[in-house]
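K.L.:
So the chains spell out like this:
There are 2 protein chains.
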Amino acid sequence: MLSRHLARRIASRSTPRVVRLSHSLPDFQLNSVNEQDVEHFSKILPKTSILSTLAPISTESSELEPYNTDWMNKYHGKSNTVMRPRTTQEVSEIVKWCHERRIGVVPQGGNTGLVGGGVPVRDEVVLNLGSMNKIRSFDPVSGILVADAGCILESLSEYLAPQNHIMPLDLGAKGSCHIGGNVATNAGGLRLLRYGSLHGSVLGLEVVLPDGTILDQLSVLRKDNTGYDLKQLFIGSEGTLGIITGVSILTAPAPNSSNNVILALPSFDNVKPLFKEAKRQLSEIMSAFEFIDRTAYDLAVKHGQGRALNEGDVEGAECFVLVETSGGNREHDEAKLNGLLESLLEADQPLINTGVLSQSPAQFSQLWAIREGITEAVSKEGKAYKYDISIPLGSFKEVVDTTREHLRSKGVLHDGAVKHVIGYGHVGDGNLHLNIVAEAYTQEIEDALEPFVYELVAKYKGSVSAEHGIGLMKTHALHYSKNATSIDLMRRIKSLFDPHGIMNPGKVLP
Amino acid sequence: MLSRHLARRIASRSTPRVVRLSHSLPDFQLNSVNEQDVEHFSKILPKTSILSTLAPISTESSELEPYNTDWMNKYHGKSNTVMRPRTTQEVSEIVKWCHERRIGVVPQGGNTGLVGGGVPVRDEVVLNLGSMNKIRSFDPVSGILVADAGCILESLSEYLAPQNHIMPLDLGAKGSCHIGGNVATNAGGLRLLRYGSLHGSVLGLEVVLPDGTILDQLSVLRKDNTGYDLKQLFIGSEGTLGIITGVSILTAPAPNSSNNVILALPSFDNVKPLFKEAKRQLSEIMSAFEFIDRTAYDLAVKHGQGRALNEGDVEGAECFVLVETSGGNREHDEAKLNGLLESLLEADQPLINTGVLSQSPAQFSQLWAIREGITEAVSKEGKAYKYDISIPLGSFKEVVDTTREHLRSKGVLHDGAVKHVIGYGHVGDGNLHLNIVAEAYTQEIEDALEPFVYELVAKYKGSVSAEHGIGLMKTHALHYSKNATSIDLMRRIKSLFDPHGIMNPGKVLP
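Top to bottom, those sequences are chains A and B.
Counting in our numbering, the first sequence runs from 10 upward without gaps.
Counting in our numbering, the second sequence runs from 10 upward without gaps.
Hints listed in this document are in silico derivations from the structure and should not be mistaken for laboratory results.
Be aware that a few hints might be false.
Because identical chains cannot be distinguished in the list, a pair is counted as satisfied if it fits within a single copy or across any two copies.
With a cut-off of at most 16 Å between alpha-carbon atoms, the simulated EDC-like pairs for lysine to aspartate or glutamate come out as follows [to be verified]:
#1 K470 with D225
#2 K105 with D456
#3 K470 with E286
#4 K311 with E351
#5 K468 with D220
#6 K281 with D148
#7 K285 with D148
#8 K105 with D410
#9 K389 with E448
#10 K428 with E448
#11 K406 with E327
I would like the entire structure built from these sequences, with the hints used as guidance.
P.N.:
Put into structure tokens, the structure is as follows:
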């Protein structure tokens, strides 16, 4: 019963994706759950909140599968026990027991992560927070919301809408992801340019530490300079330092008006001056500035994503930019966006070939669909190696071109191997999605790509994971973005919080 | 020579303030600096960068006084050695030596703190960062600035102005305070409502750890989800975990237009609905929403601060609100602010008695001067006990009234003792400045106020230090805002980073 939703999600996928795990599973010494443990857990929780293949619960192991498998069907754990606590106290008691017994614990939110951080590596216990889904308080004056960690992001948005507020983050996975998971992974998403990162908007957290202690820092204050800001450590630590059970977050007033425009540029060199000009003219209402290179655009159009621009108008365009505005006054916002477009078109040496402004909510969505449809277009075109990297925005094209040339020099850039190398992403955040679209996943292509791409990112002092995190997938690549001193300090902090290493073992740190 | 600027600042104060230190100096076992140490330091630094009363430097002790004394002339250290390193490498070598020799180190920025965090408690070495004042890089496209920690905030603003950017924070102390000190103390200031806290805008730090290791996390990326966000720990740790030597920070595009309005309210109860309405109508351009209670307003007017409103218009007004807007388009911004004012005045049950809108830059400054002049008015009126607290904004008046009644019940609310209890501050941030204005500082008043005020703050789950920090002054009050679990974790983190306890000893933790 409990797992029906997840089970349906997994079942709906036609074919499992190819598993690419070129590194071995991490090694750690922890105990397995036995019947005495399950006996103890059933004193803490009602039996209906426990799934275990062991007596006295004796669930069918298939019912545990959705909790053992990530949504990409790429990572598979072997946990025999899943618990769905309803209160912070229950989480605390479970963790205390696991700490004493040295049983690994995997905190799980909506299980929508992309790096294998939310499922067990071996047979750790899964603590799914889905039953902790109450809104604790909302102050419509300050905009401060306090919620259980298991609240689904979209539910929170729906709760806020009639109160004219929005969450400061938005993600493709909003229908399933939990706010606790968002915070634990420091999710970025579509609103970061405007509302900043969770390090700024999260005001307080309630966390169960690896020994079961409840750390209550669920502040509803915007300002508090009393000692070290401990909650920051949990933001982005992917459940390895403790389990987030409650979140206090600053929400934003809902904008009254949203507009967008897509612009075709003759040269990538124009992206920087265009970004600067858009910032100058749109100022506080600019909420997105997205980059799409020509190959990515052509792929989206080929596979029917969004509303293509007039073919003649975009001839010779090297890349595209989608600009979105969100503001408090429709008339003012439209005047600003029209003003930008006019000044761009009337310039002596125009930065753009052409631009299309949305005139209705339907057109607004159609323009966004070109950018958002790239993922689907790519999956229709072939198999994709996806890299989510942060680099200086001036080097977006260079990184795509260098990768393409490298693949050519390795002899894998041809029909039958790599078909396209494309780049798109959030210029405003310096976040490039580099996709290598191939006929099939092969070892030859993977060897040509890694560590090449990570080394390239390191050369630009970039990040090998702009927003997806490290999880299990990228522990071996952490050193490309963090130096030895940083990794050593991280390890020492991990040991301080979690001396037995029970909390989400094998994740984040190599 | 080196100390001339500071010396002049100290000398310009007419009378030293009364020292109120009801708790004893913290106890720690560290070594004093001897001649061999100074000999070693002079191998690391040129002698012109060292002030020491010891041979071979032999500076006059009066020259060290400005570094031993905070700007309020309230805290006095006895350091015999002050160093002004010019590079991160020099900082590292000094700290490494102090770590080995167990000598206390006080990192010092502009020495503008209000809680005694930047001066020695006993005879620790002072490391003043004032000679590390180079801008390392600025990217006018992304707005990311990288600067030495010793850069003065105002110098950075001046550097950014011709590039149409502003710092995301602004403080009264901007002419002296350093960006490194701002980050170390998590300074709030006047732009927090609009640009958020430093936890969001600081993108990277370079820090010398207490053993001399250089932690290089001077990232220029807006997004980087690779492991724990260690830099966050240093933001607000007041130099107790390491010395910040470099800062990477996201600056904001400069607004093209700034406006303000002062509103008189018949009742405090109207502040909340007014704040809500202002947020709704002004949306993304609202940059300040400041509260001034009647007594504070009357004091400001009495002492000639700013431009008073028409006396008849403000009869019966219980409090005042100053609203500021900053935006990209003057015409749009004025239309929004005029629209707000009209709708407020034309409402059936108006939230305001009257409002005055600035019509020129001079009037803009005159309206701000009422709010900003309160500090000066208070100091002309008497001696002030100042509390900088965060509480839910609905309880601003209650806290002021409760404090006044408490003082009355203690028999100290009369001419000759406490003359006024006033409240003003940043409604948008929930930050109340509670000032008790007395004829003179007396033990009787202090005993009536403390721990009463701190307990009152704790009752509202507030913060005993919204933006000033803990320093030396409030270590004994930390427990009113942070529970035992939090303080214990802070201690363990302090021990992890600084096992010998050399880094800014006696500060932050009780």
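K.L.:
Which numbered hints are broken by the structure, listed smallest first?
P.N.:
When the structure is compared with the hints, numbers 2, 3, 4, 5, 8 turn out to be violated.
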